[in-house]
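Quick mapping for you: the protein sequence lines, in order, are chains A and B. All letters in the first sequence, in the order written, are residues 338 to 560 by this note's numbering. All letters in the second sequence, in the order written, are residues 3 to 130 by this note's numbering.
Careful: at least some of the hints might be erroneous.
Stated by the list, open to error - Chain A is nowhere near these chain B residues, computed Cβ spacing over 12 Å in every case:
1) Ala45
2) Ser100
3) Cys101
4) Thr110
5) Gly113
6) Thr114
Said to hold, decoys possible - Computed footprint of chain A on chain B, listed as stretches where at least three residues anywhere in the stretch have a Cβ under 8 Å from a Cβ of chain A:
7) 52-61
8) 91-98
9) 115-121
Just so you know, the hints here were simulated from the structure itself, not pulled from any lab data. Every residue gets a Cβ at the ideal spot worked out from N, C-alpha and C, and that includes glycine.
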Amino acid sequence: MLRRLRPTPRRLAVLVAATVGVGAGVGYAASLTVNSWHLWAGSQPLTKAQCTLTGTTSTTNTYVTQFSANNNYSGSTTMLVRSNSSSQDWSFVRFDLSKCPIAIPTSGGADTATLTLFITSTPSSRTLSVTPVLTTWASTLTWNQAQLLTYGAQTTTMATGASGNTAKSATVTVDVDSLIKSPNSSFGWRISDSGTGNATTTFATSADTTASHRPQLVINYEK
Amino acid sequence: MTYLSKALGFGIAVVATFAACAAAATLALGQSSLSAGNQSVTACTSSLAATRNVNNAGTVTQVNVAGIPVACSGETLSVTLVGSGNAPLGSASAAVGSCGTTCSATLTGFGTVSAANVVGYSFGLAGA
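Produce the entire structure from the sequences given, and follow the hints as far as they go.
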């Protein structure tokens with residue numbers, strides 16, 4: 338038995354070659370893995386803040402009426418939304434995000450955004466369409482001018498409830514998030530009623546003497 | 003027997019040497035500083051910045067990473083949404099592409115993560 342295992346020069350050479358081969362293979366495989374990869378890890382912290390916009394300095398609002406297509410209602414203390422198919426009223430409201438106490442950078446984004454309007458009167462429960470306006474407008478807007486504006490895809494609605502003298506909200510996070518990232522991409526919202534019947538919902542504007550009744554936009558954001 | 007002892011001793015020494023190299027290289031992969039002998043693992047960037055989109059429920063729908071150096075093209079970018087206490091809220095990965103002067107990546111599939119709970123992003127880039 339021992340004789341059969343007796344080392345000979347040939348056996349020694351084979352043993353050394355095999356050992357070197359296995360060891361080199363292990364080492365080479367490990368080296369190859371390390372050398373052939375790029376690796377990087379990093380992080381980006383975010384800061385949270387809130388901005389509340391309300392009042393005449395940050396808000397532009399008005400309404401237009403199909404019945405008087407060339408009239409404007411700038412400075413009115415109320416704005417109307419009417420569903421009558423031949424004599425509609427649309428309300429418009431927008432906020433100047435640059436009036437936030439702390440500027441929101443375009444690299445930021447809205448975590449949540451809520452539009453709140455105070456309803457002074459409503460005939461019945463209505464579901465109003467809240468549609469982003471993609472071209473600029475002024476408080477002197479008329480019905481005819483409003484037909485020339487560009488509107489985005491509606492992302493939210495506002496339920497009026499059955500009674501007046503109450504504040505109602507709509508979630509506008511997607512619209513405000515887009516506005517933060519691209520400041521001139523939209524100019525507030527059109528509030529309209531595409532439901533049936535002849536129903537008029539009345540909202541307080543930024544000219545309302547009661548501050549808490551004025552349109553308000555609350556943005557919780559990150560930057 | 004003398005020949006056999008010498009041969010075995012030599013073989014063990016060779017194996018130990020290569021095994022040590024392999025162990026060193028393997029060990030380096032788990033460290034913050036990576037090296038195998040004198041070879042350092044390189045990175046194709048030194049920083050990244052992300053933005054994210056949300057839906058009206060406030061849920062993160064996608065994360066966008068722009069301004070990635072072209073040297074990172076084709077590599078795999080992993081992004082983790084980090085919450086309070088460094089808790090991972092959701093992760094996704096995507097190949098770096100859309101390269102011009104820089105590259106970008108869009109990542110989806112983070113699950114239902116509220117943007118309000120995200121206090122940071124954690125990035126990982128790996129590739130050949």
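Now for the hints, and whether the structure bears them out:
1. Ala45: Non-interface label fails for B/Ala45: nearest chain A Cβ at 4 Å, not farther than 12 Å.
2. Ser100: Answer for B/Ser100: holds, closest chain A Cβ roughly 18 Å.
3. Cys101: 16 Å, holds
4. Thr110: B/Thr110 is indeed farther than 12 Å from all Cβ atoms of chain A, at 16 Å.
5. Gly113: B/Gly113 clear of chain A: closest Cβ-Cβ about 17 Å, beyond 12 Å.
6. Thr114: Given that every Cβ of chain A is farther than 12 Å from that of B/Thr114, nearest at about 14 Å, it holds.
7. 52-61: holds (count 9)
8. 91-98: violated (count 0)
9. 115-121: Coverage by chain A holds for the stretch 115-121 of chain B (5 residues, Cβ < 8 Å).
When each numbered hint is compared with the structure, violations occur for hints 1, 8.
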